[in-house]
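Whole structure, please, built from the sequences with the hints as guidance.
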Amino acid sequence: MTRSLPLLLILGLLTSPAMAASWGMQREVGDFDLKMSTAPSRSMAQGLVAPNSAGMGGGFDLTHDSGLYFGQWTTNNASSAEAPLLEMDTYAGYKHRFAPGYGYELGVINYSNLIQNVDPSRELYSGMTVYGKRLGAAFANDPGRHNASVYADLGTLPLIKTGVSLKYTNYVLDVPSTLDSGGMVRSFNDWSVNLSRKWVNTLFNLTYSGTSLRGADCSVYSGHNTYCDSALMLKASHPFF
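Positions -20 to -1, 1 to 221 (mature numbering (1 follows the signal peptide of the UniProt record, and there is no 0)) are the ones given, in order, by the sequence shown.
If you are wondering where the hints come from, they were derived from the structure by calculation, not from laboratory data. Just so we're clear, the structure is a prediction, and the values are computed from it rather than from any experiment. Possibly wrong hints are sitting among the right ones.
For each label pair, taking beta carbons as the anchor points, the in silico distance ranges come out as [stated by the list, open to error]:
id : residue 1 : residue 2 : range
1  : Val9      : Leu175    : 20 to 28 Å
2  : Arg166    : Asp13     : 38 to 46 Å
3  : Arg166    : Ala216    : 38 to 46 Å
4  : Phe12     : Asn181    : 33 to 41 Å
5  : Arg166    : Val9      : 47 to 55 Å
6  : Asn97     : Asn181    : 44 to 52 Å
7  : Ser192    : Gly10     : 47 to 55 Å
Backbone N, C-alpha and C define an ideal beta-carbon position, used for all residues, glycine too.
Here it is as structure tokens:
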């Protein structure tokens, strides 16, 4: 088996035009805080897990003063006529903060496809903040496989003035995938390390990602990373407005 290590350098310049602004509304309903918007209003596991935001969508988030919350988010991604996606993400959880920079969170998300006849998937998540650093874990039961992920957002490191975040996921298939060579793949993992730094009003993100699959094994890869083989990606974003 040949071990390949392509080095990919992708430079993108992103803008934030005013027309891309999303709609939102917030109201107090007794002891609850209600938010309705066309963009996800919540991220889970201390900000490390979020509902699907690809395509057009909308939803609501209901939060109680005790820290309990519940919400639904629907995404309509009609980019593919052969396999349109209308997904509803329903979540519930609890979030508590002991003091500034300290807290924990746990909950569950249910992902349902309202068009295609596929089984829903569920994800249990938890997260904690210690000294302002965020750590999280998620366990997903997707159709055909089980996933376990760990996250870490170390914030901006003072010595290098650079933000550092990491992600690692292990995937276990219910039925092993057969390769053209005759081999079989039952499990694999992927990871990514992201460095971010702002310079001259431009945010630079450098990401290194890789997987345990190599060569022909990549034909069965379906993880979080954009590429199966190891990759180095650079992205720059600069606001013009």
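Hint-by-hint comparison with the structure:
The beta-carbon spacing between Val9 and Leu175, approximately 42 Å, falls outside the hinted interval of 20 to 28 Å. About 45 Å separates the C-beta atoms of Arg166 and Asp13, a value consistent with the hinted range of 38 to 46 Å. Hint check: Arg166 to Ala216, Cβ distance near 39 Å, so the stated range 38 to 46 Å holds. Between Phe12 and Asn181 the beta carbons are some 39 Å apart, a value that agrees with the proposed interval 33 to 41 Å.
Separation of Arg166 from Val9 is about 49 Å and conforms to the stated range, judged on CB atoms against 47 to 55 Å. Taken as a hint, the range 44 to 52 Å holds for the pair Asn97 and Asn181, whose Cβ atoms sit roughly 49 Å apart. Range check, Ser192 to Gly10: about 50 Å between beta-carbon atoms, so the 47 to 55 Å window is met.
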